[in-house]
Amino acid sequence: MISVRHLTKRFGSHVAVDDLSFEVAAGEVLGFLGPNGAGKTTTMRMVTGYLPPSQGTIVIDDCRLLQQPIEAKRRLGYLPENPPLYPELTVRQYLQFVAEIKDVPRARRRVCVDRAIDQANLREVAGKRIAALSKGYKQRVGLAQAIVHEPKVLILDEPTSSLDPKQRVEVRDLIATLRGEHTVVLSTHILPEVSQITDRVVIINRGKVMAVDSPDNLSQRLRGREDITVEVGGAIAAAVRDAIAAVPGVTGVDVEDAGPDRVTARVQSDLGTDIRGDVARTLANRWRLLGLRSETLSLEEIFLKLTGDSELKLTGDGEQKLTGDSDQS
Amino acid sequence: MRHALAIARRELQSYFVSPIAYAAVTAFALLSGYFFNSMVVYYVRQASLADRQIEQLGRSDLQLDVPTVILEEFFKNQGSFVLLLIIPLLTMGLLTDERRKGTLELLLTSPVRPVELTFGKFLGALTLFALMCVPTLPYWYFLAQGGDWEPGVVLAGYTGLLLLAATEIAIGLFISSLSENLLVSALGTYGVLVAFNFIDTSASMTRSIWVDFIQFLSFHFHNAEFARGVVALRDITYFAGFLALALFLTQRSIESIRFKRS
Chain L
17 MISVRHLTKR FGSHVAVDDL SFEVAAGEVL GFLGPNGAGK TTTMRMVTGY
67 LPPSQGTIVI DDCRLLQQPI EAKRRLGYLP ENPPLYPELT VRQYLQFVAE
117 IKDVPRARRR VCVDRAIDQA NLREVAGKRI AALSKGYKQR VGLAQAIVHE
167 PKVLILDEPT SSLDPKQRVE VRDLIATLRG EHTVVLSTHI LPEVSQITDR
217 VVIINRGKVM AVDSPDNLSQ RLRGREDITV EVGGAIAAAV RDAIAAVPGV
267 TGVDVEDAGP DRVTARVQSD LGTDIRGDVA RTLANRWRLL GLRSETLSLE
317 EIFLKLTGDS ELKLTGDGEQ KLTGDSDQS
Chain U
247 MRHALAIARR ELQSYFVSPI AYAAVTAFAL LSGYFFNSMV VYYVRQASLA
297 DRQIEQLGRS DLQLDVPTVI LEEFFKNQGS FVLLLIIPLL TMGLLTDERR
347 KGTLELLLTS PVRPVELTFG KFLGALTLFA LMCVPTLPYW YFLAQGGDWE
397 PGVVLAGYTG LLLLAATEIA IGLFISSLSE NLLVSALGTY GVLVAFNFID
447 TSASMTRSIW VDFIQFLSFH FHNAEFARGV VALRDITYFA GFLALALFLT
497 QRSIESIRFK RS
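Those sequence lines, one after another, are chains L and U.
Every number in our numbering is 16 more than the matching position in the first sequence, counting from 1.
Every number in our numbering is 246 more than the matching position in the second sequence, counting from 1.
None of these hints come from the bench; they were simulated from the model.
Please note that a few of the clues may not be correct.
To be clear about the criterion: a stretch of chain L counts as covered by chain U if any three or more of its residues have a C-beta under 8 angstroms from a C-beta of chain U, and this derived list gives those stretches [what the hints assert, rightly or not]: (1) 59-72; (2) 94-104; (3) 109-122.
Some, not all, of what chain U presents toward chain L, calculated at C-beta under 7 angstroms [unchecked claim]: (4) 249; (5) 252; (6) 348; (7) 349; (8) 504.
Some chain U residues near chain L, calculated using beta-carbon distances under 8 angstroms [unchecked claim]: (9) 260; (10) 264; (11) 294; (12) 351; (13) 352; (14) 353; (15) 354; (16) 358.
Computed from a predicted model, the values in this text were never measured in an experiment.
Glycine is no exception: its CB is placed at the ideal position from the N, C-alpha and C atoms.
Construct the complete structure from the given sequences, taking the supplied hints into account.
This is the structure in structure tokens:
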């Protein structure tokens with residue numbers, strides 16, 4: 017649905033986005049992650065046709081953005097970081113105007129506006145001036161304008177960044193309801209949001225793609241091994257360590273006493289080797305198995321690992337590489 | 247064109263909930279009414295004086311066709327002073343506000359071409375100005391009570407006024423595309439309009455090809471012809487050319503905003 021190839025944006029000598037490529041499948045929700053100044057907004061603006069790229073191609077639903085901008089823009093809904101609102105208009109007047117400039121046929125305009133109002137849960141404020149609405153409602157109006165023309169692609173730039181926690185949950189739930197109906201690209205630096213609503217993430221830093229994958233896969237790939245933690249009752253640490261070490265596929269064990277009569281062990285194995293069943297059976301035969309869980313890197317850890325270490329880059333084939341791009345500015 | 251009409255309609259909606267628009271409409275009505283009333287009082291007095299001179303001396307140096315003189319002076323005055331005060335108020339927010347509020351991003355990521363945006367904004371402001379002129383129509387009914395006047399002269403006066411206003415709105419629109427600050431937009435427009443309205447005042451003392459050229463650049467010079475009831479192709483071409491240039495520059499300016507780093 018979206019294909020971005022070798023996208024570059026230069027402002028004078030400053031390279032804001034550097035040879036960035038990614039694809040988004042139809043119906044997918046892609047998270048766009050990066051620290052402030054990483055080039056997220058510049059990328060969003062190029063993908064929506066607001067900023068012309070210095071180099072590269074953008075294809076939206078088979079329309080080349082630079083060659084067929086009007087056609088491509090009809091397929092796009094965009095919510096910038098600050099919702100683009102006319103505070104003097106009522107919510108309904110505003111959405112009618114947006115529907116008109118987004119080429120919604122006159123006969124369908126009322127239906128589309130009503131649908132957007134319902135989807136964004138704005139029915140009770142539809143007749144109110146936008147200036148009188150709370151920040152959360154304004155953000156909903158921004159979302160409603162992005163979907164009023166039923167676009168195939170939705171680009172949302174930090175849609176929850178300036179909201180309080182309650183409003184954030186409301187807007188996040190609203191975005192979740194758009195899944196499947198639209199292909200969504202969501203830029204954010206709020207990490208829990210990404211793991212909750214996106215299928216895949218693109219992590220960028222200093223204008224370059226550091227990683228593209230699902231949060232789970234990223235976690236495994238960055239760790240480079242499988243880790244599980246087990247808790248056993250009625251055992252002593254040394255016996256537990258010996259028993260686990262004897263399980264085929266185990267490459268390392270760290271044990272510690274976790275209280276009277278309880279032992280906790282972190283067990284490592286090679287990437288792609290699932291040892292959970294064998295470890296569970298071994299322990300349960302001799303002691304009381306109190307718990308077993310797979311360890312994954314949190315998105316925060318992934319993010320910090322990738323954006324904090326600019327030499328580390330995950331390529332599409334799943335390998336970690338040293339890229340030597342740390343000196344760009 | 248459909249987009250331009252939608253943008254113009256939205257502009258008018260916004261004007262009528264904005265205090266600035268009401269201030270401009272009120273100021274225009276008050277100033278027009280004040281100047282019209284002053285002219286009527288002044289020229290009627292002059293006419294009475296002329297009548298008394300004829301009664302006492304059998305002749306008078308004051309030969310006044312009062313309705314015609316009032317018509318001419320009214321339209322010249324509207325062009326030189328009233329528009330100068332009103333147009334910067336109408337145009338200062340046109341694109342400056344879109345940039346400040348971030349709604350330019352909405353417009354330029356929609357299937358709207360910069361030329362449609364330019365024309366829509368221009369049309370919205372010009373429509374408001376045309377509506378502002380409506381309260382001046384009864385003046386000609388009152389004037390008809392005092393003597394005959396040529397409807398063609400009134401028509402020429404309004405044509406000149408609308409062409410001048412359209413040109414000045416296009417200039418204001420262009421200047422509003424250059425800044426995110428309302429005051430800078432308003433003062434910039436005011437400065438350019440003052441320059442083009444009064445560029446010929448210092449040149450009127452002597453005559454040379456340069457003086458003629460400077461006079462030709464003056465808005466006042468061309469509007470004065472319309473105010474006299476003369477509709478000449480030269481004056482129409484002058485305003486149309488200026489208008490087209492300002493709209494073209496606005497369109498290019500909108501395109502260039504997208505290349506700037508924000």
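* To do: Identify whether the interface hint at residue 348 of chain U stands, where standing means a beta carbon of chain L within less than 7 angstroms of its own.
  => Status holds, d = 5 angstroms.
* Answer holds if the nearest beta-carbon of chain L is closer than 7 angstroms to that of residue 249 of chain U; otherwise answer violated. => holds, 5 angstroms
* Do three or more residues from the segment 109-122 of chain L put their C-beta atoms closer than 8 angstroms to C-beta atoms of chain U? -> It holds: at least three residues are needed, and the segment 109-122 of chain L offers 7 whose Cβ sits within less than 8 angstroms of chain U.
* chain L contact restraint for residue 504 of chain U - C-beta distance below 7 angstroms -> Since chain L brings a Cβ to about 6 angstroms from residue 504 of chain U, closer than 7 angstroms, the hint holds.
* Would the hint on residue 353 of chain U stand, with a C-beta cut-off of 8 angstroms toward chain L? -> holds, 7 angstroms
* Can the hint on residue 351 of chain U be confirmed by a CB-to-CB distance to chain L that is less than 8 angstroms? -> holds, 5 angstroms
* **residue 358 of chain U as chain L interface residue, shortest Cβ-Cβ below 8 angstroms** => holds, 5 angstroms
* Have a go at the residue 352 of chain U hint: is there a Cβ in chain L nearer than 8 angstroms to its own Cβ? => holds, 4 angstroms
* Asked: Checking C-beta pairs, does the segment 59-72 of chain L have three or more residues closer than 8 angstroms to chain U?
  -> holds (count 6)
* To do: Double-check residue 260 of chain U for me: the hint is only fine if its C-beta lies closer than 8 angstroms to a C-beta in chain L.
  => At about 5 angstroms, which falls below the 8 angstroms cut-off, the nearest Cβ of chain L leaves the hint on residue 260 of chain U intact, so it holds.
* **Restraint outcome when residue 354 of chain U is required to lie within 8 angstroms of chain L by C-beta distance** => Where the cut-off is 8 angstroms and the nearest Cβ of chain L is about 5 angstroms from residue 354 of chain U, the hint holds.
* Hint status (Cβ of residue 252 of chain U to nearest Cβ of chain L, threshold 7 angstroms) -> holds, 4 angstroms
Checked against the numbered hints given earlier, the structure breaks only hint 11 and satisfies all the rest.
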